[in-house]
Amino acid sequence: MDVDAVFAALADPTRRAVIGRLAREPASASRLAEKLPISRQAIAKHLAALDRAGLVAARREGRETRYTLDPAPMGEAMAWMAGVGAQWDERLARLARRARVG
Amino acid sequence: MSTVRREIVLPVERERAWALLTEPGELREWLADDVELEPEEGAPLRVAWATGEAREGVVEEVEERRRLRFRWDDDATGVPSRVEWTLDDAPGGTRVVVEERPLVPLEVRGVALVHWRPRAVGITALARAAALAHA
Numbered sequence: 001m002d003v004d005a006v007f008a009a010l011a012d013p014t015r016r017a018v019i020g021r022l023a024r025e026p027a028s029a030s031r032l033a034e035k036l037p038i039s040r041q042a043i044a045k046h047l048a049a050l051d052r053a054g055l056v057a058a059r060r061e062g063r064e065t066r067y068t069l070d071p072a073p074m075g076e077a078m079a080w081m082a083g084v085g086a087q088w089d090e091r092l093a094r095l096a097r098r099a100r101v102g
Numbered sequence: 001m002s003t004v005r006r007e008i009v010l011p012v013e014r015e016r017a018w019a020l021l022t023e024p025g026e027l028r029e030w031l032a033d034d035v036e037l038e039p040e041e042g043a044p045l046r047v048a049w050a051t052g053e054a055r056e057g058v059v060e061e062v063e064e065r066r067r068l069r070f071r072w073d074d075d076a077t078g079v080p081s082r083v084e085w086t087l088d089d090a091p092g093g094t095r096v097v098v099e100e101r102p103l104v105p106l107e108v109r110g111v112a113l114v115h116w117r118p119r120a121v122g123i124t125a126l127a128r129a130a131a132l133a134h135a
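Note that the protein sequences, when read in sequence, are chains V and L.
One point on numbering: in our numbering, the residue at position 17 of the first sequence is 17, and numbering is uninterrupted.
One point on numbering: in our numbering, the residue at position 103 of the second sequence is 103, and numbering is uninterrupted.
Wrong hints could be hidden among the right ones.
A partial selection of chain V residues facing chain L, derived with a Cβ cut-off under 7 Å [to be verified]: (1) Gly54; (2) Ala57; (3) Met81; (4) Val84; (5) Glu90; (6) Arg91; (7) Leu92.
Everything labelled a hint here was simulated from the structure, so no lab data went into it.
No residue lacks a Cβ here, since even glycine has one placed at the ideal position from N, Cα and C.
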């Protein structure tokens, strides 16, 4: 396992958001693009980085490739923190918008 | 260890910030699609999303306009956790600090990861029940 690749993969907030999503359920790149404010192309690049770090496993299902989180390289605690942290980032962004509108 | 911490300054007074964090109508705007919460110690908590996912818990501590603490379960990961929201006056509004920590020990690295399943992170049902009972 390449520890540097794992830390590099986790250093990026978008990749942490992807991990946060995959911690809830396996998903395809298109599905992730629907849920996150980035393009499918960018998602694919991030998934490739996570794959290189051994953090996701890709499985072909029909015409789709579904990605599953493999927390082993980062440990259960880091996987949990990345997932929960990404959820709060999303929730607090919505809370801030709500606070601004009144 | 394993505590997630986030901080945000909302451009509103404490009173309004407290309402945003404790009124179900407001919580439905940012936390989940359906929220049942009463800022009262011992009150049950239920949070649900349109996806069908739901989480249940209980309010543990309330300090009006200052602090709300609750714990909730999580079927998606199998890890129950405790959440604390703390409000403070800040330049330009109200600072909200969010902290969430797991109620069961998580492996830092390797070892227990054979238990990892997409719908239940590495914690046996027994350990989880015990943690909730003693929380």
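Do the hints match the structure? See the list:
Look at glycine 54 (chain V): its Cβ only gets to about 12 Å from chain L, farther than 7 Å, so that hint breaks. Interface restraint check: alanine 57 (chain V) against chain L, minimum CB-CB distance 10 Å, threshold 7 Å, status violated. For methionine 81 (chain V), the suggested interface contact is upheld, since its CB lies about 5 Å from the closest CB of chain L, less than 7 Å. The criterion of a C-beta within 7 Å of any C-beta in chain L is met by valine 84 (chain V), whose closest approach is roughly 5 Å, and the hint holds.
At its closest, the beta carbon of glutamate 90 (chain V) sits 9 Å from a beta carbon of chain L; the interface hint therefore is violated under the 7 Å criterion. This hint holds: arginine 91 (chain V) has a C-beta 6 Å from the nearest C-beta of chain L, less than the 7 Å allowed. Because the beta carbon of leucine 92 (chain V) sits about 5 Å from the nearest beta carbon in chain L, less than 7 Å, this interface hint is met.
Hints 1, 2, 5 from the list above are not met by this structure, while the remaining hints are.
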